[in-house]
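Colleague: So you can see what is in the structure, the chains are spelled out below.
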Amino acid sequence: MYKKRFDGRKFDELRPMEAKVGIIKRADGSAMFKQGKTIAVAAVYGPRELHPKFLQNPEEGVLRCNYNMMAFSGSGERVRPGPSRRSKEISYVTDKALMPTLNLKEFPGTVVDVFIELIQTDAGTRCAGITAAAMALADAGFFMRDLVSSVSIGIIEDQIIVDVDKEEEDYEKGMCDMPMAFMPKSGNITLLQCDGYVTKEQLKKALESGKNACNKIYEVQKMALKNKYQGELK
Amino acid sequence: MGLIVKDRDIVVPGEVLATGMDFLPAGGSYRDREEIISSQVGMVLVENRLIKVIPLSGRYIPKRGDNVIGKVIDITFNGWLIDIGCAKDAMLGLKDATSEFIERGADLTQYFNIGDLLVSKIINVTRVKSADLTTKGPGLMKLTRGTIIDVQSSKVPRVIGKQGSMVMMLKEMTNTRITVGQNGKVHVSGFDPEMEILVKDAIKFIEKNAHKHGLTDEVKKFLEERLKGKKILEKKELSKETLEKKENVQEKI
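Protein chains in written order, with numbering that gives the first Met the number 0: chain A, 0 to 233; chain B, 0 to 252.
Extracted from the complex, chain B is given alone in its bound form:
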């Protein structure tokens, strides 16, 4: 009777997690009469009477309301096809792409071209589990510069942190702009490319240690160590530096 596995254990499909009616199966597990059984490879999380299995692998499953980062892979007569890293390509319809009036037969590449990266929001998941997207809304836009970092989609909540604490810290310490897509794509752009690399390393660090308690403090330590002796560039300073560089180049010419 009761719990058979420990909290934060790794389990495989078919493994019994608990017996008796004291617990309820949540994501990644199911009940078979008296037993709660895992249906995924993952880590067990026990929250009061709920037993959850957090997946450690697998594709992103689209959910309505998620912000995702995707890549345009095709243009059709009524919109764009976007790869958001799930089983099926997502659809960005004309009327959800922009509030501008688009004339019949207009060249759609002026809005989004093949290969463009964009931040979008899932407005609907259809019956056949393909996602409809929109780029109308705050923070939804085409990405023109910066770095994209891939994260396992089940570990995205740790990258964001409690009420965005992790992302906020990363942003403040490195002076970069960070957008996290629920599909496991993170966009980073800053004035200093070195900071983008640092954020990439930090996010890989988070992904590796996603199961640990007190991760925010550890990441803070990690960043402080790497930032030792480095100057965080502000926009003004950077422009001054680049100007100097440009002058040097011109002098040489």
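Next comes chain A alone, as it looks inside the complex:
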């Protein structure tokens, strides 16, 4: 039985979080999200015309996410720059996790570019990336039904833990690692991946604790967005 977490957190406790909006001045919207040692920076550019033209959607704008781990971000080993199988997949799921909140009907034939850069990684990077990207999109002034908050849930020896770090992810007795993204207002899940084994009961419990964790992240996102704009008004 997994009784105590490596870093002494409670099972449903998140790593210390920090969020900041508007860190890249030249971008249309930007945000930073820090979760423990994982730091994600997201920048939004657009809407702008999409080329090549056959990629355009005449009904609404296209969202294009790009996830990238910086070369020096990993645990000692250099990350090879450029798109890989892994980063392409994560870019794709990030796109799908954000699209349900976003309304781009006002911008047909255009593209909204979201660049997510991981400066420092300690597991849960796609979650931190999605959380940062949601803030950056809101900062860019897009119509959104909701924000998106994201966290990873793990199962180690039948114990459900929230916000898995690298040590726990690599632990050989770990059963499962599930990143999820969640829309706090509507209560819909926009991303759920699973690496490992999970039973039906465990999944139910895991989603419940994941939702609670996402609500905590949502509060941090909300504060960061409000801080930026309230600061501007003073």
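Calculated directly from the structure, the hints in this document are not laboratory data. Treat the hints with care, as some may be off.
Claimed, not checked - For the chain B half of the interface with chain A, some residues (derived, Cβ under 10 Å), not all of them:
hint : residue
1    : A25
2    : Y29
3    : A86
4    : N208
Unchecked claim - If you want a taste of the chain B side facing chain A, the calculated C-beta under 7 Å gives, among others:
hint : residue
5    : G1
6    : V127
7    : H210
C-beta atoms are modelled at their ideal positions from N, C-alpha and C, and glycine is treated no differently.
Could you slot chain B onto chain A? The hints should help.
Modeller: Coordinates of chain B only, in the frame set by chain A:
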């Protein structure tokens, strides 16, 4: 039941603004059953039973009838492509550009060249949300001199003021010509470049304090402070001064 947020609060997407059926959602918000929810980062405005969220960021969305200031970025066979700061480039067609007869194969640069700035009006927004422009009409023209100031497009109404009160005041106090484009571009030209700089500062001041009540008076104070001891040049005086300067230069030569 009723309003949850206060008037002029900052809200984020997904935040509940009001519950119950007493209020109606206007721009930047939507109704989901019993709740009115914000769909944008912005400031809440409650007008009687309407709840509005005024955006604090984001691109200009073209609207028919808006006067905009744009820059020519390309010339095509049937008109000009204009950048008006929205997602797509706007189109200025040949027949909407001038009432002159343009011969087939004529050199279009004699009317507008790439890089020219112009005041134009949106006559139509197409199905794919790109704007068609015209430069035929009063006040619509090519801009040849002056300064362009960028403003957040959602704050343009404050720059104009109630029935143009703010712009009128700026014009009168600094003796400049000001054209405000709905797309957040303001053109200022005056006889005195110093006044153009002053207007720029004043408009930045308006943008920063756009949420405040009684802004016109505050701007007036701001201008009076800056204008202390300065002479507002009239056209005649300026020409006299420049003539003197020119004479001096010639003397030196």
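Colleague: Does A25 (chain B) hold up as a contact with chain A if the rule is Cβ-Cβ below 10 Å?
Modeller: Hint on A25 (chain B): violated, closest Cβ of chain A at ~13 Å, above 10 Å.
Colleague: Holds or violated: V127 (chain B) as interface residue toward chain A, Cβ cutoff 7 Å?
Modeller: holds, 5 Å
Colleague: So, as I understand it, the hint says G1 (chain B) touches chain A; can you test that by seeing if any CB pair is closer than 7 Å?
Modeller: Constraint on G1 (chain B) not satisfied, violated at 19 Å.
Colleague: So, as I understand it, the hint says A86 (chain B) touches chain A; can you test that by seeing if any CB pair is closer than 10 Å?
Modeller: holds, 4 Å
Colleague: Given H210 (chain B) as an interface hint, is the shortest Cβ-Cβ distance to chain A below 7 Å?
Modeller: holds, 6 Å
Colleague: Let's test the interface hint: is any C-beta of chain A closer than 10 Å to that of Y29 (chain B)?
Modeller: Since the shortest Cβ distance to chain A is 7 Å, the answer is holds.
Colleague: Interface hint check: N208 (chain B), Cβ to nearest Cβ on chain A, cutoff 10 Å. Holds or violated?
Modeller: holds, 8 Å
When each numbered hint is compared with the structure, violations occur for hints 1, 5.
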